[in-house]
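Could you put together the complete structure from these sequences and hints?
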Amino acid sequence: MERHTTAMEENEEIHTLVVGTGAVGGFYGSRLHQPDVKRYVSFVCRSNYNKVSEEGISIRSKSHGDYKIKPFKVFRTVKEAKEFISDKSEKGSREEGGVKISRWNYVILSTKVLLNISDDSLIVSDIFKDDNYQDQRDNRAGSCLVLIQNGIGFEQIHRNRFPNSKILSAVTVINAEQTEPGSIRHNRWTRISIGPYFNFDYSNGQHKGSNYDQPKSNSSNSTDQVNLRMIDELVHQTNKDSRSLVELLKEGGIRDAEMHGEKELQVLRWHKLAVNASMNPTSILSGGLTNSEMVQKSHLRNHLRETMNEILEAGRMIFKIQDYPSKFATPDQILDSTERASNSEGIRKVLGGEDKTIIKPSMLIDWENGRELEVEAILGLPAKIARNFGVKLSRVETMYSLLVELQKARDHRNSSVKTSKI
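The working numbering puts the sequence shown at residues 67 to 488.
Source of the hints: derived by calculation from the structure; they are not laboratory data. Predicted, not measured: the structure shown is a model, and the values here were computed from it. All residues carry an ideal CB built from backbone N, CA and C; glycine is no exception. There may be inaccurate statements among the hints.
[What the hints assert, rightly or not] Computed list of lysine to aspartate or glutamate pairs in DMTMM-like fashion (alpha-carbon distance at most 25 Å, straight line): (1) Lys-136 x Asp-102; (2) Lys-145 x Asp-192; (3) Lys-338 x Glu-405; (4) Lys-386 x Glu-463; (5) Lys-166 x Glu-120; (6) Lys-136 x Glu-246; (7) Lys-195 x Glu-79; (8) Lys-134 x Glu-317; (9) Lys-139 x Glu-317; (10) Lys-117 x Glu-78.
[As the list claims (entries may be wrong)] Cβ pair distances, simulated, as ranges: (11) Lys-329 x Asp-298: 12 to 20 Å; (12) Asn-368 x Glu-471: 20 to 28 Å; (13) Asp-298 x Glu-379: 31 to 39 Å; (14) Lys-104 x His-302: 17 to 25 Å; (15) Pro-101 x Arg-453: 43 to 51 Å; (16) Arg-227 x Arg-479: 32 to 40 Å; (17) Glu-379 x Ser-482: 37 to 45 Å; (18) Gln-473 x Glu-405: 23 to 31 Å; (19) Lys-128 x His-478: 52 to 60 Å; (20) Glu-317 x Arg-437: 31 to 39 Å; (21) Glu-317 x Ser-352: 24 to 32 Å.
This is how it looks when you write it as structure tokens:
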């Protein structure tokens with residue numbers, strides 16, 4: 067197979083588009099933006115468009131200091147970003163402020179996963195709908211979709227819509243929040259784990275057979291051989307983009323950026339689910355308690371531990387593994403770490419206060435701000451997947467049912483208030 071060099075190896079400009087400029091997308095985007103070495107990041111913003119386009123993004127971080135970036139470009143929609151790229155010269159690239167751009171090397175989607183409300187693949191379809199590998203001699207010409215999102219199983223929506231595109235899935239361990247439009251406070255942790263997503267579907271109690279993983283056919287049919295070559299090249303280029311993205315993040319100071327294989331990344335995603343699906347809903351159902359408050363109450367600490375154990379045991383059965391890698395924290399280690407983090411002088415200092423209970427789960431922050439919750443991606447779909455494998459997540463299903471009804475009651479109250487004001 068012909069060897070293709072990456073943009074990093076060729077020292078070309080690398081352009082990343084971040085869709086979803088909240089705390090997580092804004093932070094990692096800010097670390098990737100290194101104009102001095104031809105690494106440029108642009109953002110698609112909605113509510114914070116005016117602030118970001120005029121003033122850029124400000125970061126307060128204990129590990130990286132206080133700094134501000136001025137994005138290469140800021141767009142209101144993905145369609146605008148697509149049209150910007152489409153307006154090329156005869157040489158196949160566009161020049162903006164002395165910087166050449168011919169494509170978005172990476173499109174990072176870091177929005178909330180609201181499966182019961184929207185199809186996330188539609189958000190980026192303006193860029194990827196024409197990204198058909200069958201029409202490309204060299205898949206380097208295609209953008210790579212990077213999903214920095216929470217939950218389990220949601221990636222398949224993108225694979226179904228973009229069967230020939232390069233897709234990466236990413237799992238983060240980070241605590242950050244957007245304190246106001248364009249301002250991000252990075253509290254703790256930076257880890258990001260990245261791996262390819264080809265077709266790791268969880269349908270019908272087994273992992274769906276993926277063309278990308280099947281033994282090579284001995285067929286002499288020319289169409290079969292062409293398809294196999296395309297699959298080989300897509301796998302090759304996706305893995306290359308994964309390695310390059312990890313290198314780019316490390317260049318930007320994210321030293322714990324890691325590359326994983328497809329199954330390994332899914333196991334890691336399931337392990338993170340144990341944290342998200344225990345602490346996030348419990349914080350709301352307990353009346354708004356923060357992480358530190360929950361772990362200091364024995365009955366809630368036990369509930370969190372048992373929920374994590376329930377999820378991790380399901381993962382062992384789903385992935386057919388004896389145990390998780392030794393570097394993965396156990397439930398007790400996670401709870402102890404949460405307690406230590408809440409008592410950290412460094413955390414209190416960077417936040418400018420003495421409150422030990424300021425580390426809130428992201429779902430609680432969404433609830434307090436009246437936003438929709440990721441109940442399907444974090445609770446509903448994982449419970450359904452587990453049932454497909456003959457496993458019942460009793461605690462997860464109970465919290466899912468309660469949160470769904472809480473959301474309905476809140477929405478009803480809000481609609482009643484609006485009606486009474488009319």
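Here is how each hint holds up against the structure:
no.	hint	in the structure
1	Lys-136 x Asp-102	holds, 13 Å
2	Lys-145 x Asp-192	holds, 6 Å
3	Lys-338 x Glu-405	holds, 18 Å
4	Lys-386 x Glu-463	holds, 22 Å
5	Lys-166 x Glu-120	holds, 22 Å
6	Lys-136 x Glu-246	holds, 17 Å
7	Lys-195 x Glu-79	holds, 24 Å
8	Lys-134 x Glu-317	holds, 17 Å
9	Lys-139 x Glu-317	holds, 21 Å
10	Lys-117 x Glu-78	violated, 30 Å
11	Lys-329 x Asp-298: 12 to 20 Å	holds, 19 Å
12	Asn-368 x Glu-471: 20 to 28 Å	holds, 24 Å
13	Asp-298 x Glu-379: 31 to 39 Å	holds, 37 Å
14	Lys-104 x His-302: 17 to 25 Å	holds, 24 Å
15	Pro-101 x Arg-453: 43 to 51 Å	holds, 49 Å
16	Arg-227 x Arg-479: 32 to 40 Å	holds, 36 Å
17	Glu-379 x Ser-482: 37 to 45 Å	holds, 42 Å
18	Gln-473 x Glu-405: 23 to 31 Å	holds, 30 Å
19	Lys-128 x His-478: 52 to 60 Å	violated, 41 Å
20	Glu-317 x Arg-437: 31 to 39 Å	holds, 33 Å
21	Glu-317 x Ser-352: 24 to 32 Å	violated, 41 Å
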